[in-house]
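Using the sequences and the accompanying hints, generate a full structural model.
Here the protein sequences come in this chain order: U and X. Read in order, the letters of the first sequence are residues 1 to 331 in this note's numbering. Read in order, the letters of the second sequence are residues 1 to 331 in this note's numbering.
Because the hints were derived from the structure by calculation, they are not lab data. No experiment lies behind these values; they were computed from the predicted model shown. For every residue, glycine included, the Cβ atom is placed at its ideal position computed from N, Cα and C. A hint or two may mislead.
Taking beta-carbon pairs under 10 angstroms as the criterion, some of the chain U residues facing chain X (in silico) [stated by the list, open to error]: (1) Arg138; (2) Cys140; (3) Val177; (4) His181; (5) Thr258; (6) Asp268.
Just the calculated beta-carbon pair ranges, DEER-fashion [what the hints assert, rightly or not]: (7) Gly225(X) to Ala303(U): 35 to 45 angstroms; (8) Arg138(U) to Gly11(X): 55 to 65 angstroms; (9) Arg138(U) to Pro184(X): 37 to 47 angstroms; (10) Arg94(U) to Gly11(X): 45 to 55 angstroms; (11) Arg239(U) to Pro184(X): 29 to 39 angstroms; (12) Ala303(U) to Ser305(X): 33 to 43 angstroms; (13) Pro331(X) to Arg94(U): 26 to 36 angstroms; (14) Gly87(U) to Ser301(X): 18 to 28 angstroms; (15) Asn84(U) to Ser301(X): 48 to 58 angstroms.
Protein chains: 2
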Amino acid sequence: MAVGLGLDVGGTKVLGCALDARGTVAAEVRVPSPKTQDGAVDALVACVRELLHELGPGSGEVTGIGLGLPGLVDEDGVLHETANMHGVEGLSVRASLASRLEEVRAGAGLSGSAPWRLAADNDGACAAAGELAFGAARGCSDAVVVTLGTGIGGGIIANGRMLRGARRFAAEIGHMVVDVHGPPCGCGRIGCWEQFASGTGLAHLARERCAEGGGARLCTLAGGGPEAVRGEHVVTAAREGDPDALAVIEAFGRYLATGLANLAEILDPARIILGGGLVQAGDLLLGPGLATYAATSRRGSGARSVPVVIAELGERAGAYGAAALGLDLVP
Amino acid sequence: MAVGLGLDVGGTKVLGCALDARGTVAAEVRVPSPKTQDGAVDALVACVRELLHELGPGSGEVTGIGLGLPGLVDEDGVLHETANMHGVEGLSVRASLASRLEEVRAGAGLSGSAPWRLAADNDGACAAAGELAFGAARGCSDAVVVTLGTGIGGGIIANGRMLRGARRFAAEIGHMVVDVHGPPCGCGRIGCWEQFASGTGLAHLARERCAEGGGARLCTLAGGGPEAVRGEHVVTAAREGDPDALAVIEAFGRYLATGLANLAEILDPARIILGGGLVQAGDLLLGPGLATYAATSRRGSGARSVPVVIAELGERAGAYGAAALGLDLVP
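Rendered as structure tokens:
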């Protein structure tokens, strides 16, 4: 059975995997995240080499590679808008990788085999492709995957296909403005969803709480002033029952619900799938927002409601989805 | 050449037309808007009868009918969420029309001809289908049509097809929240886009201006207090150079730009197409918003910008699009 390699370039690591069309994983590797364009090429090549080494004789079944990248990949395979990884901005994925991958193939004795398919897409799109091929979006002709991490990423499936838009820049759902009076965002606008309903958003809302005179426990946990408070301190304090942290999570939930309801209104997906690092905090963090979503939006409950569910593939969604794109499983 | 009948049910009239796949119009009729479910069926049947009468011997070339309805049409052809036309809520379009249309066909001597295709969709979706088949979205595989009227409607084209969503309830773009501190919307949420960037929104922003002590000219034109001010008074006063009206239009423009930029980020359409009654006010009303969009959004200018253009079909977009759906021109 054909095997695809999927590589997901995240802020702390590159996760690589080799899997077949059934989603059976044959190999998995991790290397540190790159800081530069050259570093990115080296890291991707190292990942591929290690995966082929792990596959051993199975290497011959590899038919394609997919790359999940921390930015938007245009039609020429050039990387843009790499918010949290400026060093790799402008990487020309296809051009830089082609000859290096040929060396790797030669080293593995695969020079004679059919050329590999090479797909590259935004990490949010890859997470959506992963959930569509192997996870919570299986069988959905319309779905949205929302990845809640430092920011908010995502991928949209419409009419059974990835919705990439006219320039492959679609699904920047974190940059949907939900509060025109909100804080500035790195994208240049004001009050983007990811300024509220992400890890960055939790920290922002915590600092607001501190500015109102609360947040003593949050500052203690952060070991500094309000500006030291991060999302994980809010979660830790909330777990202890700290009322300020619980109030911050309530506010986070109102914004989470607002964005989810907006996506339901615009896209009417069969389901909205929540993934990303923040999902690990579970019901403590997501419960209030999901309750608000159900109670306040037209699509939150009733016969035509849009259910919100948790992603099935966890941190591997991007790598699995990249492999699915490499295997051409997702149109 | 096959002919489609398109009927667009608006707040003041039902506009019906007969046209072929090239967009050549063979007949056009208008009847008053219905107030009830029975009235809607009667009005639609009357329209069809008049169109066939106008077509005369050409009636035999009709292959289908499309209906543009002021709400969301589910898979069973039942009408929901008829915000401004409560009387027709729950209309079971297909079930109510089938036998009545058979009578009309018999009356026109068409009983022996092939059954007509019957398509029914939201009026915003029909406007998008019209612009896709015959207007400003021709040749676009991804586009968004935004209709600015009393509220905000719209239709989305993705991967060359109408994006209808899992329950056919997609593209409710007017109910995207852009200001969580905004006024309540009829949909039950707070700060929906259509509370700002529509005719209703203009009136709301004008009342805010009055509450701040301005708006004398607006009240004079309205012949009453701030609550009497409507969108057209703002446009009239702005045309006179009234500073309060111009400030209201500036605020309107900031919200218009916010929603357009959100759609650009989420959908990356080849273009965004502005239609609906408000477009008739031209640059006076739309200019400030389009300038703000260009200046403040990542997709507002530059190499990967999403252009915003004016619809080509004017008030006929919905009827033409309905006919296109009747002709099965738009997937």
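Results of checking the hints against the structure:
Among the interface hints, the one on arginine 138(U) is violated; its C-beta lies about 14 angstroms from the nearest C-beta in chain X, farther than the 10 angstroms criterion. Proximity of cysteine 140(U) to chain X holds as hinted, the smallest CB-CB distance being about 7 angstroms (cut-off 10 angstroms). Against a cut-off of 10 angstroms between C-beta atoms, the interface hint on valine 177(U) holds, since the closest Cβ of chain X lies about 5 angstroms away. For histidine 181(U), the suggested interface contact is upheld, since its CB lies about 6 angstroms from the closest CB of chain X, less than 10 angstroms.
The beta carbon of threonine 258(U) is positioned within 10 angstroms of a beta carbon in chain X (closest approach about 5 angstroms), and the interface hint is therefore held. Proximity of aspartate 268(U) to chain X holds as hinted, the smallest CB-CB distance being about 2 angstroms (cut-off 10 angstroms). Against the hinted window of 35 to 45 angstroms, the Cβ-Cβ separation of glycine 225(X) and alanine 303(U) comes to about 41 angstroms, which satisfies the hint. At roughly 42 angstroms, the beta carbons of arginine 138(U) and glycine 11(X) sit outside the given window of 55 to 65 angstroms.
Between arginine 138(U) and proline 184(X) the CB atoms are about 38 angstroms apart, so this pair conforms to the stated range of 37 to 47 angstroms. Remark: the range hint 45 to 55 angstroms for arginine 94(U) to glycine 11(X) is upheld by a beta-carbon distance near 52 angstroms. Checked against the given bound of 29 to 39 angstroms, the beta carbons of arginine 239(U) and proline 184(X), roughly 35 angstroms apart, stay inside it. About 40 angstroms separates the C-beta atoms of alanine 303(U) and serine 305(X), a value consistent with the hinted range of 33 to 43 angstroms.
A hinted range of 26 to 36 angstroms for the beta carbons of proline 331(X) and arginine 94(U) is consistent with their spacing of about 31 angstroms. A beta carbon spacing of about 26 angstroms between glycine 87(U) and serine 301(X) agrees with the range 18 to 28 angstroms that was offered as a hint. Between asparagine 84(U) and serine 301(X) the Cβ separation comes to about 24 angstroms, which falls outside the hinted range of 48 to 58 angstroms.
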